[in-house]
Structures are given as C-alpha cells and as structure tokens.
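*Asks:* Here is what each chain is made of, one letter per residue.
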Amino acid sequence: MTEPTTIAVAMSGGVDSSAVAAILARSQDTVVGLTLQLWDQTRLAGKHGIPDAPKAGRCCSLDDVYDARRVAEHLGIPYYIVNQEERFEQDVVRPFVSEYLAGRTPIPCSLCNNHLKFDQLLKTARSIGASRIATGHYAINEYDPARDRWILKRPADTAKDQTYFLFGLTQEQLSRTLFPLGHMTKPEVREVARQHGLALAEKPDSQEICFIPGGDYKRFLTAYLEEQNEAMPATAGELVASSGEVIGHHEGIANFTVGQRKGLGVASPSPLYVLQIDPASHRVTVGADAELATHTLRAGRLNWISISTLTAPMRVKIKIRHRHEPAWATLEPSGSGEVVATFDEPQRAVTPGQSAVFYDGDEVVGGGWII
Amino acid sequence: MRRVYMDANATTPLLPEVVEAMHPYWMEHFGNASSIHLHGQQARTGVDRARETLAEFFNCHDAEVVFNSGGTEGDNTAIFGLLHPGDHFITTSIEHSAILQTANRMEQKGVETTLIAPQPNGLIDPMDILRAIRPETRLISVMLANNETGVVQPVEAIGKIAADTGVLFHIDAVQGAGKVKFDVRRFGCHLLSISAHKMHGPKGVGAMFVRRGTPVESLLVGGSHERRRRAGTENVAGIVGLGKAAELAMHSLADGTIDRLAALRDRLEAEILRLPGTGVNGGSVPRVANTSNIWFDNLEGEALVIALDLKGVAVSGGSACHSGATEPSHVLMAMGIDKIRARASLRFSLLKTATEADIDYVLEVVPTAVQHVRALSPVEAGTLA
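Respectively, the protein sequence lines represent chains A and B.
Last residue of the first sequence? That's 371 in the numbering used here, and every number before it is there in order.
Last residue of the second sequence? That's 385 in the numbering used here, and every number before it is there in order.
This is chain B alone, in the form it adopts within the complex (with noise of 0.2 Å):
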C-alpha cells in the first residue's frame, strides 16, 4: 500500500543530509564540547559553525543563539525565565499547550494572564493586544504560525506594540520554521523559539533567540554552557543537525521550493472543498504554505483520522499532543467554532517533499473514505432504550 504522511505540523523525517552532518558526532567527534582537548575541539566546532547558521537562520548575532531541547523548553523558559509574582502576561487563546499549561503554572504563582482570543478568521488583532497592556505587564507571547490552521499572526505589529510600551515579547516560532522567512530584528521580538523536528531535523533539540540584555532566567541550572543561559552538556549531534535543517531551509525558502508546496496545498484543499459540506478553517487569511484545516459536516473526525490511517494516509485531527484525550480543538473552539464542527476538521500538513504523486493518491482516498464515514454516522442505537 502506498503511504502518504501529511502530518508534517506534528514532525518531520530527517534529510539525508542531516543525518549526514550529524552522522560524525556520534562515533568520531564524540567529545564534550566544554573539554580542552582535540575531542572537545571537534565537538566545540561542530556546535560553532551550527550556532552560525542559526544566527543567519534568525537574523541575529550568534551569542544570541542558545540551543535547549525543543519548543515546549523555549516556551517554558520565556515564561518562567522572565514572570515574577505581581507581573502581568499577555498571549493568546490559540497558543500551543506548552504555553497555555505554562501560564496555568504561574497563575498558582500569581502571575495573572490575560488570553487574547482570535477573530473567527482565526487572526489575533495586535490592537486587543495593546488594550490588554497594564503598567505590571511583562511580557507578550503569541505564536508565529498555528499548528492546527496554519495562520500567520502578525508579530510584526505585536512587536511594535511591545516595543512602544516596553514590554518583552517572545514568538512561539515552533510551525513558522522553515516555512517563513525569519528577520527577529524585523519581528521586534525579545525571544523566539524553535524546534529542530518541524523542520527536518532531529527531536529532542530547539533552538532560542535571546536578545542581548533579555534577563531571561535560566530554567536548567548547573555548568556554564550556552552563557550560562541554559546549563546541560551539549547535545553536540543533535545541535549539529539543527544547523543543517536550519541551512536547508533557508535555501527552499529562496529557491521557489515553498511556493512549489503553496501551489500542492491549494491544489489539494480546492480538490476536497468539491465534496458537499466542506469547508476551510482559517482560510481566508495567510497560512503557512503546507497547512489546511478542513472540516467534513456529518461525520466523526476521529474515525476519518483513523479510516485514511488504514488507506495509507496519515493526517491529524486536533493537536498530536492530546492524543488520548479528544477534547475538540481549543484552537477551532477559540475561532467560534462549534464543536460538532471542530470534531469534524482534519488537517493536512506537507512536508516540503510532497509530490504531485502524492496529492493524487491523497485526493484518491478521501473522497470515498468521506463518503463511506457518512454513510455510517447516521447508523441507529440498538434497540433498548
């Protein structure tokens, strides 16, 4: 059976040339990057020149980079590293749970939170975010892209506001990497975070932007690595791999690669809008170019994630993390959706390898598994009452 992911939101496979640069660090360059000796030289370097790239992949200097273990840690230490008890903290209703369970932390700590909910396009207006500012507020964090629909927020305009009233602001930048031009300096942000594995690189790294002068608190305390900005013996290979990911995704984003994949995404949202009783959540406003978050009226969304799992197609319904626990989608539920609804949206996200090949099964497969979902939704209880 063929097998098509579009899942790309929840990760990404690695590159053959990623898992070629990280390929030395594992046997050969082996140090610790901290150690004096040629081994620790050769790690030192390794994590030198990926640090390098970050810094372009940011637009930032390179002591600004430090690399952690991913975005929900780059979400963790903005919050924690920055939030005293008395502070005020703005961020919106469609943040990912590494934020919104974060928040819920140091309200226990007094750190009161406002959220800031989306128009039903699904686009923060910066202007609620400005009226939500108080003298105590400290920081503003809002996501670059959502996982769920793939809307572009507009940080800029955030970061003009933060800018202007002097509040800090960090990006939950973890779904725009590798499908937005990054420019921090343009973003107006304090901090933003990434992760390695939406973009092609391994799990288990991230990277942050630290503005020179953010006194951002370290979350892991120990050794001095990283300027003492987040202590923890290099993940020298991982960090290594990050680099690449970050270098090969400076280059489709120059190279027409990503509009090649915008062009796939339309052709296969406007293949399955043709169905009766679809629609597209977030469609009216900029996406990311790989994201659709489609919904099918009258069938279960669960049991059409399921249905083209079997027929070799892997999308998601909802956010990965809940997986377990199918709450509908916070996200589609902030943007007014209603919950039947939101039940009933899938989304595809492609990975930037994606194939005309590929859509083709894809729009093979959903149509009758759509069709076979809906005709059993109506299907009656038994007969006991």
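Just chain A, with the same shape it has in the complex (with noise of 0.2 Å):
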C-alpha cells in the first residue's frame, strides 16, 4: 500500500462530506477537514421575496459550518474554515447573473467545481501539506495505467451520479482527488454516519442553487443587481411563434429558459414552451413540445478526460442536464475548439449554457458547455 499521507476533506456540513471524513479518519492517513465558505448567506436575505433566514442544509449557512465543524470535532481531526468568497462571486456568481442576463441557463455547481473546489480548495490543500483531497461526490476515480489517465465513471448509486457537474476537472486534479462515495449507495452512506455516531445522519440532501435561498433565480438576479448598483439590462421584446408570427412581448430573456412552459403570459390552445432565446434581438421563440426537439448540438470550452483529445468520430452517450438519461450520439470534432454531437434520436430542449457531458460506457470522455 501507498505510505500515510495527508488528505484533506471539503466537508460541507452534509451527510455525505461527513461521511468520507468518517472513512478517512479511521485510515492510516491524517485527514484535514476544511469548509470553504463561498456565500455570505446573510447578504441579500429579505431582499426582494428572498428568505431572511436560510434554511439549514445550504452550504455556507452557520449552521452548516456548525454541523461541519462539530463533525470534525467528533471525529478529532484538524478542521478550518477558507474564506473564498470573493473567487466565488467572481468565477461563480458573477458569471452565473451575466449568463442569465445573455439569455442563457447556466449551471453554477461545475463552475463551482472547476474554480473552487478542485482549483483553490485544492491548491489551498498542498499549500498546507496535505498532498490529495476527498470531497463528498458520488463519482469513481480511478487510474488506468495502460492509458496512462486519470478516468472519471459514473458510481455506484446512478441516482446519485454527480459525474455530470465533474467533467471540467484536469488529469493533474483528478490525480489529486477521491471520491470515497464512488462505490456505495446513499443508504449506506447514512448507515456509515450513523456508525460514526454523526448526529447529521438523517439530514436531509440540499437541492438547490446554495446562493439562492428559496431557489427563486429571478429575485436573486433582481435583488444582486440592485446590491451591485446595477441596472437590470432592457431586455423586453416580442414573443413570436415558430413561423416568426409575434403573438405577444416579454419583460427580458432574463425570465427564460428553453423548454420553460409557465410564466410565458399568452394565451395558446396547445401548451406552448421556449424553443430558442436571441440575446441579440431579444426575441423568445415559442412553440409546441415537438419542436423542443432537435438532433444535434454544439459545445465548446472543452475538456477531455479518458482521452486526450477528439480526432475522429466517436460514438457516446450525451447528457444534457443534470437529470437527463444519456442519449446516443455521434461526436465529431468541429475546429476552433468544439464539436458537434447528432443524436440518433432527436432530443428534447438542448439548453445554451448548460453542459453536455460524453460517456463511454460509466466513463466520462469528457464535456463542454452547449453553445
């Protein structure tokens, strides 16, 4: 076996964090618990609608730094807090309210995960000689020798897969990370904090976006944006059907997302969903449910994982959100950086600023963000 090393533990206050600090803990490893605090959950409370008081199982409420640092202090391992708020608003926060703004959906959690956890959490990590981090993600990692590569699969628990939110991380951090959940199921993982006598054993999962209480992105934009003294851009315009015809005017492309249904404010015989958002013309093109359907998408800001890169045509499976079933496709490089993905069967509300995430089997090749 590899000799006693330190490793460092994100613990979030969560079942699952705690629990791989409970695994590690009674390795022969000296295990580190740090909680990265990213949000000042305080800032905008009782700002338009926003809850005053967040709910517990938010990362970054006091109580679970408390329930993060009492775990730690139970299992007697080293715990400290690492102040990122301000990397956090500017590669998260930031980013998220301007991709919203542009018409897009973004997805906060990878961009998270590629700029905190796995690039200051960790760099934060070595700097204080801990040599690898563990963090609390239903994920394998492993290292294939015959390719000489770092490969990401899906875990276990499929219900749980967070492979999808992991595919920006670099060989040089997977080789620097375990997800000690990879093969356990999350009633395991509780049966595992219960054993430990952790206290957070039954705590409910957190669903939503941490740094929107409420999970209302709409008054969060409104209400960051006043905070900033910034206006909300004027992105009103026509809400035209399919076949171009304008059947009526929208308040901004901040308040769309494709595929949405409610909230479009006309009146239609059939349901009608947002089939595509021009940031440029701030036109919101609505339609029936089939046209949601497209078969083929484009991603770009690209990173590969059990290859080092796309030459030729591949055959993969493509998620294109977080709870969508992995649907067959052909991948093909496509110059300056992106590739274009045809479905073998039409998918339904390919989402700009989304991720699309390839796999191989459980492995991940790797994934870009859909243009």
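Keep in mind the hints are simulated off the structure, nothing from the lab.
No residue lacks a Cβ here, since even glycine has one placed at the ideal position from N, Cα and C.
Wrong hints could be hidden among the right ones.
To be verified - Each computed SDA-like pair below joins lysine to any residue, with the alpha-carbon atoms no more than 25 Å apart:
#1 A:160 x A:200
#2 B:339 x A:227
#3 A:47 x A:90
#4 B:203 x A:69
Unchecked claim - To give an idea of the interface, some chain A residues facing chain B are shown, with a C-beta separation under 8 Å as derived from the structure:
#5 32
#6 80
#7 82
#8 83
#9 124
#10 126
#11 129
#12 132
With the hints in hand, could you dock these two chains into one complex?
*Replies:* Dropping the structure here:
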C-alpha cells in the first residue's frame, strides 16, 4: 500500500462529506477538514422576497458550518474554514448573472467545481501540506495504467451520479482527488454516518443552488443587481411563434429558459414552450413541445478525461442536463476547439449555457458547454 | 509533535498560581459576596483583596475599581454608559470591534462618531484627536496597545488634550495589560478597561478603572453590586484569579521578564525577516514586547496559518473574532497597507513564558512552510476559463 499521507476533506456540513471524513479518519492517513466559505447567506436576505433566514442544508449557512465543525470535533480531526467569497463571486456568481442576462441557463455547480473546489481548495490543501483532497461527490476516479490517464466513472449509486458536474476536472486535479463514496449507495453512506455516531446522519439532501435561497433565481438577479448598483439590462422584446409570427411581448430574456412552459404570458389552445432565446434581438421563440426536439448540439470550452483529445468521430452517450438520461450520439470535432454531436433520436430542450457530458459506458469521455 | 503557542494576544493560559488562588472559591468559599454570614464574608474577602491588587495595578483607589465580565463589557460600558443622543464621540479606526460596533449602534441613536485614522506607521497622532474635538464632544476612546500590531498609542498626550478640553477619556487597555506599566493618573483617563484572560487570568472576567465622579451609567441593572456600577452576583473565583494575574503581571513588569520577552521577539522577528519578501507592520514605532506582525509577499496568510498549525505553531492572521469571515484586517487597511499584503500578514504574539527553544522551533518551521505555501500559490487554474 501507499505510505500514509495527509488528505484534506472538503466538508460542507452535509451527510456525504461528513461520511467521507469519518471513513478517512479511520484510515492511516492524516485527515484535515476544510470548509469553503463561499457566500454570505445573510447578504441579500429579506430583499425582493428572498427568505430572511436560510434553511439548514445549504452550504455556507452558519448552521452548516457548525455541523461540519461538530463532525470534525467528533472525529478528532483538525478543521479550518477557508474563505473564498471573493473568488466565488468572481468565478461563479458573476458568470451566473451574466449568463442569465444573456438569455442562457447557467450551471453554477460546475463552475464552482472547476474554479473553487478542485482549484482553489486543492491549492490551499496542497499549500498546507496535504497531497490530495477528498470530497463527498458520487463518482469513481481511477487511474488506468494502460492509457496512463485518470478515468472518471459513474458511481455505484446511479441515482446520485454527480459526474455531470465534474466533467471539467483536469488530469492533474483527478490525480489529487479521492471520491470515497463512488462505490457506495446513499443508504450505505447514511449508515456509515450513523455508525460513527454523527448527529447529521438523517439530515436531508440539499437540492437548491447554494446561493439562491428559495430557488427563485429571478429574485436573486434583481436583488444582486440592485446591491451592485447595476441596472437590469433592458432586454424586453417580442414573443414569436416558430412561424415567425409575433404573438406577444415579454419583460426581459432573463425570465426565460429553453423548455420553460409557465409564465410565458400568452394564451394558446395547446401548451407553448420556449424554443429559443436570441440575446441579440431579445426575441423569444415559443412553440409546441415537439418543436423542442433537436438532432444536434454544438459545445465549446471542452475538457477531455478518458481521451487526450477528439480526433475522429466517436460514438458516445450524451447527458445535456443533470436529470437527463444520456442519449446516443455521434461526436465529431469541429474546428476551433468545438464539437458537434448528432443524436440518434432528437433530444428535447438542448439549452445553451448548460453542459454536455459525453459518456462511453460508465466512463466520462469529456464534456463542454452547450453553445 | 512539539506545540508552540504564539497567539497570546488572542488569549493566554492560566498560570499555576492563578489556578491555585482560585481553587478555594469554587467549593470552599462558595458564598455570595453580598451575604452577611461567614460564607458571604469569605467570598467578600476574596473580592476585596483582588480589588486592592487591581487598585495598585491601575494606580487608583480601591473604590475606583469595578469588576465586570471582560474587555467587551468595559468598552460597551464606556460608550453606552456615557453617551446620549446629540453627543459627539471620537475614537480611532484601529480599535477592537467592541468599540467600533458599539459606536455603530450609537450612531442609530443619534451619537455621531469621528474615526481617527492612524499614520502609516500605526500611531495615532494626538493632534488629529484635538482637531476633531467639537463643543458637543463628550468622549474619546483610544486603545493603549493595538491587538494586531502591538503599537502603543500616545495615551498620555491624548489624556492631556482630554483634560484641557474637558472631554471624558476611555482607554481600551486590554492588549496593554501585563505588557505596559499602568498608571491611570499619568494616562489622564477617566475610564480604562482590561480583561483577565489576556494576562494569564481566567476568561469571562475583567475590570474597569472608573475615576471618582465619572457619571457612567451601569450597563446591567439589578442589585447594588460594585457600588451600583455593575449589577450581578460577583464572579468571585474569576475576580480572585484576575487579582492574582494582576499581581503576577506587576512582578513580570518589574523583574525583567518583559525585557527578556522583547529580546525573544526581536530575535524571532530578525530571523524571519531574513526570508525574502517579508517585513514588519508597525515595526518602526514603540510596540508591546510580545507582538510582531509580519507580512510575507506572494502567499495567502490564511493558508500559512493553517500550515503552521499543522506543524504545531499557533499564530493568527487578522483578529480571532473575525474567524469564518476573513475580511482583510481593518487595522492594517487603516494603516494604508494594501489588501493583498494585509491578507498575507501574520501575527506572532508571545506568551511571557516563551523560551529560546520555542523560538528555535518556530524558526525551524516557518521558512519551510513559507516556501511551501509560496511554491503552490501560482498554481494554474483548471483548463476551463
């Protein structure tokens, strides 16, 4: 076996990362708990209908930091809070806001993984003497000597699969990251927490975007822009049918996401969905459910994991949003660091701003951002 | 692993003599100091003796000593107890949050505050205080020694200004206690606050000098304890511990302990400064003997604090009360130090029991840790923009 090293566990105060700390604290490695303080949950509280007191189960609330600290105390491991609020705002919140304002639908969790958890946190971990970090993500990370690459795979508990948010990890980052829960199911993880006497074993999972209490991103955009003394850009425009016919007006493109049905503000005999948002003309195209289906997608800002780069067409399954069942497609390189995927069956609501993650069986081939 | 504690400005351990002095007051002399019977008298004796020691420590009358719960209560009492709507208050931008946040609260109640910024060397210019005085100025509050840099403020000069202009003067002396000889007459203050745990006494107890006739209102209302200046049953064991700590502090100031401490600090500082890209914040002016605030270019102070802790060396960056929210130190920022350097600054504050061997160990650990943290600072981000 490898000789004992120091491992930093990224602790959020939830069950998963707490179980990771408990598992590793029993190993012969030295374990240090770190919590990233990313967002001040009281910052926009009470403004524009944002809830006053953040509920537990959201990272960076005082309750969650307390829970993480209690776990570290219980396990007898050193524990520190690392403040990265500035980086989080710059690399996650700002891009999130500008993406929405540009008519796209961003995924802050992937940005946070790429910029905070597996970049800043890993850097901090290494500078304090840890060689690797461990997180509570459900994913499998293995080195394949034949290919001389670190391979990211879907976890045993496919319902908890978080590989979709991890496609941006570099080989260097993967080589320094442990996902101890990859081979476990959620009930097994809760059982580990119970066995270690962790009080939070029954704590509910967090689902929302951590900096948006209540999950209402429109309220967040309004409150954030107001705090920054920035005006909400005027992006009101026409609501058009796929035939091109103008059927109404809307208040701003930030209110829409591709595939959205509610809140369109027009009456129609059959349900209407947002098909397309044009950030230049501010035009929002709506149509029937069937019209949401597309055969191709284009993705850029790519990262490759199981291969060094894509040089020839490849058969893969592609996941286009977190809860999407990966669909068969042929992936082809397309100049200037982009790829084009052609699905075997048309896919519903391919949404610019989300990521497309490519799978070969259980392995993550790579991924990119939908253009 | 060897452990060296160099965060005395956050708190200090009790000295054995202090624990011993407190011991009888937990179970044996447990009485309420207000009671008439023997048990009450035993407790009363403990409190009175401590009061006598504190009077000597401050150089004041016994009746001018008020026991309380510590520095924050003292600071709050000075401000809440003396200021009324319409009054003007002068303090500095490098005070502890127990002063600054209290002043904020009073702003909402119609008390205007003027914050005096330090010079780049960390010193407050008394003339800046004089210039800020207006007819409605009622109180000046200035710290004796800064918790982060250790810089000792010219309180005597400020005391003279207060006397000449008829303004009340409070000194937050929490970080000076046991490090600087006190003389409230020479300082020219009306109020002065200290905390026991910064000078090897217990946490949760402190004392305040209140010059006779100073019309300070009690923060806590209830019984007639402390001559109606602080209600609440006396924390007898704590007060006895504070008394013993003050007695030992007076010895240390007289027997050369503090001079020896300054020599240790100077050696630590000189050796660390041999590392490239380092310097002292507030190093060019008088400081308390135990404190050194050092900046290290090209690193995250937060990471260095953790790295050193994992090697057994306890120091701090910024102020301990801010943990969790690591805003760059307001003290260093007020001195005009930029954000990046403020974040890369660490405070080494030695216990008076520090030894040469402690310094040796810290000097063994610091250069390697600094090199390590610096080497990893420029690591490139992931491939994704």
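*Asks:* Which numbered conditions among the earlier hints are violated in the structure presented, ordered from lowest to highest?
*Replies:* The structure conflicts with hint 12 only, although it agrees with all the remaining ones.
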